[in-house]
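Both chains are sitting in their own frames, so use the hints and assemble them into the complex.
Protein chains in written order, with my numbering: chain A, 1 to 401; chain B, 1001 to 1617.
To be clear, the hints were calculated from the coordinates, so they are not data collected in a lab.
C-beta atoms are modelled at their ideal positions from N, C-alpha and C, and glycine is treated no differently.
Just to be clear, a hint being listed does not mean it is correct.
Stated by the list, open to error - Listed below are the simulated EDC-like cross-link pairs for lysine to aspartate or glutamate, each with C-alpha atoms no more than 20 Å apart in a straight line: (1) B:K1114 <-> B:D1493; (2) A:K340 <-> A:E127; (3) B:K1053 <-> A:D332; (4) B:K1053 <-> A:D339; (5) A:K340 <-> A:D44; (6) B:K1534 <-> B:D1571; (7) B:K1576 <-> A:D55; (8) B:K1114 <-> B:D1132; (9) B:K1051 <-> A:D55; (10) B:K1590 <-> B:E1615; (11) B:K1277 <-> B:D1317.
To be verified - For the chain B half of the interface with chain A, some residues (derived, Cβ under 10 Å), not all of them: (12) L1024; (13) H1057; (14) S1111; (15) D1575.
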Amino acid sequence: MKRVFVLLLAASSTAYAAETTVLPAGTFALDVSYLHSTINKRWDGRRNARSLIDDIPRYEPGGGLQGILSANPTALYQGILFQVLYGITDWLTFAIYAPLIQQATVETNFAWQPGDFQSQLGRPYSEDDFWAWAGSLGQPRPPSRWVGNRSTFADIILGLRALVPELWLTKKLGLKVAGTLQVALPTGRPPDPEEVVAAGTTAFDLHSYGDVELHASWDRPFLVDSYGVARLNLGGDFYFSWFRPKTLPTPTGRKNPLLLTYAPYVGASYVQDPGDWFGSTLSVEASPFLGPTFATFVSGRSLERARSFPPLLTVLVSYSYVMVGQSRWYSDSAIWNYDKEKLWQPGDKNIVRFGATLSFLRLGVPVQLYAQYRVQDIIPGRWTRSSNVLTGGVRVIAKFW
Amino acid sequence: MVGVLLRRLSTLAALLCVCVSACLPTQPPPRREIIHLHGNAYERGKQHGEKMKSKIHSFYTTLLTASLFPYLGREQPVIASLLNEYQGEQYQNGRFAYQLLLESAKNIEKSLNKNQRDELRGISDGSGLSYDEVLVLNTFVDSVLAVRGIALAIRLSRAPQLTRLEFAGAATDGVDNDGDSMIDEPGEGILDPFLADGAANAVEVPLNTRIKVTLKDPEGIDGPSLRLTLNGVLYTEKTPGLTLESPTPDTLVATLTPVSPLEAGATFTLVVTAGDKLEVTQPPPAHLSFMRDEELLFTTRGAGLIPSRVRRPALLDGRTRPPPIAFALTGASSSSGPLLAHHFALLDANTAHKHTLVTVHHPDDGSPAYATVGWAGVAYGLVGMSERGVGYACNPSDTLDNSVVGSVLDQVADLSKAKLTAKGVPIGFAGRRVLETSPDTLAAVQLMKGLTHVYGWNCVVSDSKGVMRSIEVDSDVFKSGDAVFTVAPADVDATGTRLASVTDDDLIVGSGYRLNTNDVITLNLAGQRVVPQKIWSTFFYRSRRVVDSVARRIAEGPMDVSAAEALLGDDELVDKSDSMTAAVLELAGKKLHYAIGQVPATSQPFETFDFAAPEPR
Chain A
1 MKRVFVLLLA
11 ASSTAYAAET
21 TVLPAGTFAL
31 DVSYLHSTIN
41 KRWDGRRNAR
51 SLIDDIPRYE
61 PGGGLQGILS
71 ANPTALYQGI
81 LFQVLYGITD
91 WLTFAIYAPL
101 IQQATVETNF
111 AWQPGDFQSQ
121 LGRPYSEDDF
131 WAWAGSLGQP
141 RPPSRWVGNR
151 STFADIILGL
161 RALVPELWLT
171 KKLGLKVAGT
181 LQVALPTGRP
191 PDPEEVVAAG
201 TTAFDLHSYG
211 DVELHASWDR
221 PFLVDSYGVA
231 RLNLGGDFYF
241 SWFRPKTLPT
251 PTGRKNPLLL
261 TYAPYVGASY
271 VQDPGDWFGS
281 TLSVEASPFL
291 GPTFATFVSG
301 RSLERARSFP
311 PLLTVLVSYS
321 YVMVGQSRWY
331 SDSAIWNYDK
341 EKLWQPGDKN
351 IVRFGATLSF
361 LRLGVPVQLY
371 AQYRVQDIIP
381 GRWTRSSNVL
391 TGGVRVIAKF
401 W
Chain B
1001 MVGVLLRRLS
1011 TLAALLCVCV
1021 SACLPTQPPP
1031 RREIIHLHGN
1041 AYERGKQHGE
1051 KMKSKIHSFY
1061 TTLLTASLFP
1071 YLGREQPVIA
1081 SLLNEYQGEQ
1091 YQNGRFAYQL
1101 LLESAKNIEK
1111 SLNKNQRDEL
1121 RGISDGSGLS
1131 YDEVLVLNTF
1141 VDSVLAVRGI
1151 ALAIRLSRAP
1161 QLTRLEFAGA
1171 ATDGVDNDGD
1181 SMIDEPGEGI
1191 LDPFLADGAA
1201 NAVEVPLNTR
1211 IKVTLKDPEG
1221 IDGPSLRLTL
1231 NGVLYTEKTP
1241 GLTLESPTPD
1251 TLVATLTPVS
1261 PLEAGATFTL
1271 VVTAGDKLEV
1281 TQPPPAHLSF
1291 MRDEELLFTT
1301 RGAGLIPSRV
1311 RRPALLDGRT
1321 RPPPIAFALT
1331 GASSSSGPLL
1341 AHHFALLDAN
1351 TAHKHTLVTV
1361 HHPDDGSPAY
1371 ATVGWAGVAY
1381 GLVGMSERGV
1391 GYACNPSDTL
1401 DNSVVGSVLD
1411 QVADLSKAKL
1421 TAKGVPIGFA
1431 GRRVLETSPD
1441 TLAAVQLMKG
1451 LTHVYGWNCV
1461 VSDSKGVMRS
1471 IEVDSDVFKS
1481 GDAVFTVAPA
1491 DVDATGTRLA
1501 SVTDDDLIVG
1511 SGYRLNTNDV
1521 ITLNLAGQRV
1531 VPQKIWSTFF
1541 YRSRRVVDSV
1551 ARRIAEGPMD
1561 VSAAEALLGD
1571 DELVDKSDSM
1581 TAAVLELAGK
1591 KLHYAIGQVP
1601 ATSQPFETFD
1611 FAAPEPR
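Next up, chain B with everything else stripped away, as it sits in the complex (with noise of 0.2 Å):
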């Protein structure tokens, strides 16, 4: 009686289990994963691999062969055009990305050692991935930037250039405009040639100042696509205030005249841009070509600065967005010990933000664990910090002195051979080797200065003693004999302005160099100009004002750990597209808070992983 009692209330139990079970509402699957991995490099891999499987494939797919690949894809026409062996079987029927990929891919193998080729091995292993595949997903960020380079360094050369630059009444207005301690010389308040420049283009120009801007294409200059925005007001062909002549075809001269005098005291930024007058059908849509929106900085009578000390103001154009900012502090910028703060933001393009996950190293070899903030089948992260106490964090930063460009210089002589390739150590594994090995922030930079790097970027390394640098790389394809350049929050500029810093307690590094400013010489390289970061890289103005936006934040106080989750979480940080990871290391403290899973990743609050807490079982 009982037994059939039992037997009909286990029924009853199984009905209402079945019932719950579809009762319940599905969960989405963990975005904020973190795992540990112990052992030596291959089985840290294969662990890896294990447990990531389903989000290896899924990252690789949606992010490379869904999106990565049909995209560069698009660009195969115009590179088979001027290198022929593109133009081989092996890159048709849409295998041109993969192909051109795996091809750098390879050569970054080279030098990799033989830790983190066992590693990707690993990975391949307990994923299911092809090695091939785990080699293209763990180069192709330093790849692609390079070969992006190349490619929007080649556009915007066809694009408008702003050539000249003219303060009206900067000449005689009896004060220095351009920081040379000199008053009213010939030509002061003209900039012809202009060139792009971090600092700021005036200084104290008069309140009633005309700006001349003038473009030069050899297409001509498209009126109606002119767009000059003075501190958020737009001025177009039909505005009042804006005059346009064009002395010859191939020339624009767009003078401003803002209908009230500016205010005294202030900065502004005025905002260039326009396109030319022929239309670019491929790749599709069709379009005009644009020049980036010159950012030209300036400061009224009063402000009381030299241009390299004029910070650049917010712009929330919408139209700019902010590119990976990271910044240390230590001592008296902050009240938790030293911190390195990082908010990376680049190609998130909806996937990226499911495959995030934190992971933790615990090598059998006696080494010190370490952790990095990164993707499912990645090795690395682009920031990380060790159980000693380092962290690193990096930004990548256009420059033509990268090794796909070396690949053409290598092949200059006969360009129907010619591939582009990458080759050096990506980035990510440069960092991996830091918290290996490096017990603190020098032992680091000698370690940076020691590889071959495959692309530009600007790194901060700092250390539980709260020393900090900034390291910034480039591939040194033209022999000048260095590829690293380190800045310490005391270096400044021949004006006497700190490079990177506000105080002797902090370092800020954006997406673009403050030291290695003259990345390359200009020059003609198989028929184009190849000319330095500031001329061409779309991140060169938004990497100079997130700067100063954090510069401006540190000037108000120490800042402890929330204060810098906040700071990252900042509108003026935040790429509400592209941000893929955000992390603030307590380097003292050996505690690391991240924020992922999100786009921003700042939208929710940070989690915090603590090397002194037990491992989860």
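The shape of chain A in the complex, shown without the other chains (with noise of 0.2 Å):
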């Protein structure tokens, strides 16, 4: 008999964000986040903080140095993330998770390293007399500040998570293993190959998932009290993260053409094929307060039913550590295809990530509030650009019929 939008128990698992989590069979999981990611510096190869970019030295033909343009650009995305998850059988679960940009900003923050003195000004350049001399060359002055990419999805990524039978091996060390697939549907925007200023919204522009991983979790619950809720979750994951190789057009100089007349001798497209990644994580999740817990219509008002919910506070603890293979670049110029290449490296990146979990499943409401802090600037890593994503969200646990 199908119930329209009545709101159902969950199980308890969904309290954490665990490695192994999957819905009881019917179950949605319906979850609204908001993202704020900023990203102002890349590691380089000593592990040192870079900006974003490689500074640029600009020459006067003949003329000797100008000056170093430098950038320490800031990029904020700024987005919400839709995630429906759906528990077909008991052990396995389908989801879809959708991230809309609402926006993306950079800020330049464009600085000016005067170079030799030029005879015929009686000075070296200023910013303002290089930008000035570039105008008569045709090329604009960027923007300090640009936004775009509003309302503009990233990749769209479908999932599979299967949990793996209880086989003797961890029903005796207690462990909980699943495996899942999850594939990035190509619905992101590479950013505007004619601006000098521009962020896109692909899995690489991105560089927080790939097109498509392959993840085998494992979860280790301790403190089980009689109602099945652990009080603390050890879980680990080991995952591959493939990217599409991808062919673009190259810039052809149309808009800036002192800064980005490549088309002619890199051709009028390339292609990109970025580093794939080996991952791993071990996370620490604890449950501190359990709260009051009463029977009601989400329990069926059975309070005993109601007592196998997630405790009231979970927070985590977590620490990634991807491994980052080098991005290629193949054109019709090795030099071009190297200074792109330089900066992605090998490399890794070293991620930690805090959370906190409200769930007031046990008060009578199916609805959980989130917070998480995801973050590489603590430990740095090599040749990655150091991302730090603050997400905020509500995840309602339903069963429609």
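Here's what the structure looks like:
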């Protein structure tokens, strides 16, 4: 018998952002969260923080160094992540993640270091001098602030997670094991190649997930009470992220002749083959506070059932080490390829995540609120960009029939 | 069973390969390439084009399309206002610079021999760059230098002029201050009119002298922009010791009274510069018209030198950059046999160094192999040597006696139809002919004398026997009858001072003439003053200074290959922005030591090409 939009009990596992969480058959989890992602640095090969883009030395033909144009850009992505998860069976869950970028903002923070003395000017070029000079060559001054990607989807992810049946060994060790396959649909948009300042929304641009990911995960609950609620969970995840090579149009210099005239020697298009990732995560979740528990309609008026619901407060800390492969560019120009590739060499990310979830199921409200901060600034990486993401969301557990 | 195991192992190996490949960091493309070319001229060109295809396209785009063309395009409004032809349709929409250079290239092409044209066609066929583009790439240096020379001379003619220089007290100090063997003759210590010169402007001046500099400009002199720098000490409008007066609106007289007496027996450089009062807004950025840095040179009482023997001290003021320099050594000056060293700097623009290469030609006509140090897509280098042991190196030498001025002269009757068109043999192709045909230095000199040159250059040619000559060329558009001036180590000027050497065993060549110093007579052409190199070239003083720096080092004793390499990398010789190539030719040893691929070129160790070594497969 179909029951329309009747909120119902959820499995206790949904309390965790744990690595093996699946939904009970027929159960939906509807999740909406706000993302606030900033990025203002990259790590070089010695784990030193650097500006996202290299300095641009500018030369006047025969006149020596005009100066060095440096930028210390800060990019801010603001978006909403819609997630729908559905328990196909008690061990198989399907998920759609749809990140909708509300807008991306890039503050360029240009700076100028004067170069050689220019005898015809009687001074070295100032930044204004340079842009006036560049303007006379048809090169406009880039904006100091760029806003774009309004209401633009990033690559949408489809995922399937299967809980591995308990085997003798996993039972003995108290482990839950799951495998996840996720595939990104190419709904994101690469940055406009003709713009000096722009940001894209593809998986490579966000550098937060791959086009195809394969995860093997485990959870080990501890301090499990008689209702099946664990006060502590240790989780782990090993995964491989594959990025598909993409053919992209080469900047022609139509808008920025001085800075972006590449097509005549790079070719009309080029292939970008991002480096794939091997990642591993170790997470610890604790529930210091179970909270008051009531028999409500959510638990079918059963206090015993309500006590199997997630604790009121769960906190999480996790660490991920992600090994990133060399990204490759393929074009007609080995020099241009290298200029790109040198910034995307084999390296790693060190991601620390802090989170907290408030679950109101025990109180009779089938809603969970959560917040997470995913930070790459704490432990320096190598040849990767350091993004920090603040997420706040609400999750509703529902069964519609 | 074994088969299954092997299959699994090979799958594992394939996975590992994928992983390892992804884990291997990217490698920069080679910047110090050496290519060997065989066959006839076309075949060698084609091999060059095929081997360097990617870099040829990249070099053409980054240096010309995205840098030089738009840069020259800024001059179109000014040039078109004088020469109406450039208002035509074919020069519009950003095509001005390309068309201008292509027309010169087509004109220059007529002076290239069949082999050279065949080679360019081969480069085009091999690389996919059009023949016209290859032609422009191979001729633009000379053409652009000629156009730039005209533009620079015009610009400087509108800037303040240093018209008078006076060393107070020199006329009554009881010594000869100008090297004319007369003491305190009327006007001694006063240069009026002031004419730039490579020699010292005064010698043995009193220690308490005051230096009076007169500047003139119809727009007036901008006082705040005036800078006088005496051996590194800057004097400006508000500095104690400097007084300014304007007897007329177009004149400024600056009197420098050093705060303490000058050091005895010392050499001083006084750098004078100023702008006028009219702000020039086109092309941007807005600026005053600035004179070049006039580097006045003098000694104080006790130095004991005549003006022509005063060497310019180093000037590390951050305002000047060393120009290209070359020197040849032999006999007592070299412990490695005849050497020719060259550091070329002009137009790296953050790209040329990524496209450098050594090209070794192995012609199929039985003539000896030769090598040049140059760039992808360019058939020549500005330094090279043959298996016979003949080497050359060339530096630009600003002159208005150039073929583009000649083209205006030819059309001066109707400037509305006149164009700026170069003609003659680019210096790099002249160098190639030296390597191809000259058995020794003197034959190379004869060859150079037989060619018409596009622009002014100073070359040094030397051979395995140590015979060396400096060859100064211009286009002789004023028909003085001589376009090539040759200097040998023993050659001296009217005062008995060697023109370009320290001893009989060396020759130093900068970027200014030492013999052809009156390259043009001063005249008015189409309303514009045409003046000799020393009056307007921004290379002039810099060149003298760097030549003197090398001379000081040569005077210290013999050099070997390593010492020559080290000298080329010395701060006084290195243009840190536009250094392009450096080479030391070991002419008897048949070895070419080269430093390329970096800015400055000498920031990495030299590598060696040995003609005797087997060609790598």
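Verification of the supplied hints:
1. Between the alpha carbons of B:K1114 and B:D1493 the distance comes to roughly 41 Å, so the proposed pair goes past 20 Å and is violated.
2. Proposed proximity of A:K340 and A:E127 is contradicted: the alpha carbons are some 25 Å apart, above 20 Å.
3. In summary, the hint linking B:K1053 to A:D332 is supported, as the alpha carbons are separated by about 9 Å, within the 20 Å threshold.
4. Straight-line distance between C-alpha atoms of B:K1053 and A:D339 comes to about 18 Å, which keeps the hinted pair within the 20 Å bound.
5. Restraint check for A:K340 and A:D44: the C-alpha separation of about 14 Å stays at or below 20 Å, so the hint holds.
6. The straight-line distance between the Cα atoms of B:K1534 and B:D1571 is roughly 25 Å, outside the 20 Å bound, and the hint therefore fails.
7. About 17 Å separates the Cα atoms of B:K1576 and A:D55, which keeps this hinted pair within 20 Å; it holds.
8. The suggested pairing of B:K1114 with B:D1132 holds, with an alpha-carbon distance near 16 Å, which does not exceed 20 Å.
9. A hinted pair counts as satisfied when its Cα atoms are at most 20 Å apart, and B:K1051 with A:D55 does not qualify at roughly 31 Å.
10. Simply put, B:K1590 and B:E1615 have alpha-carbon atoms about 14 Å apart, close enough for the 20 Å limit, and the pair holds.
11. Using a Cα cut-off of 20 Å, the hinted pair B:K1277 and B:D1317 is violated, with the two alpha carbons roughly 25 Å apart.
12. A least Cβ separation of about 6 Å between B:L1024 and chain A falls short of the 10 Å threshold, and the interface hint therefore holds.
13. Taking 10 Å as the C-beta cut-off, the interface hint given for B:H1057 holds, the closest approach to chain A being about 4 Å.
14. At a threshold of 10 Å, the smallest CB-CB gap from B:S1111 to chain A is about 24 Å, leaving the interface hint violated.
15. The beta carbon of B:D1575 is positioned within 10 Å of a beta carbon in chain A (closest approach about 7 Å), and the interface hint is therefore held.
This entry does not satisfy hints 1, 2, 6, 9, 11 and 14, going by the numbered hints stated previously.
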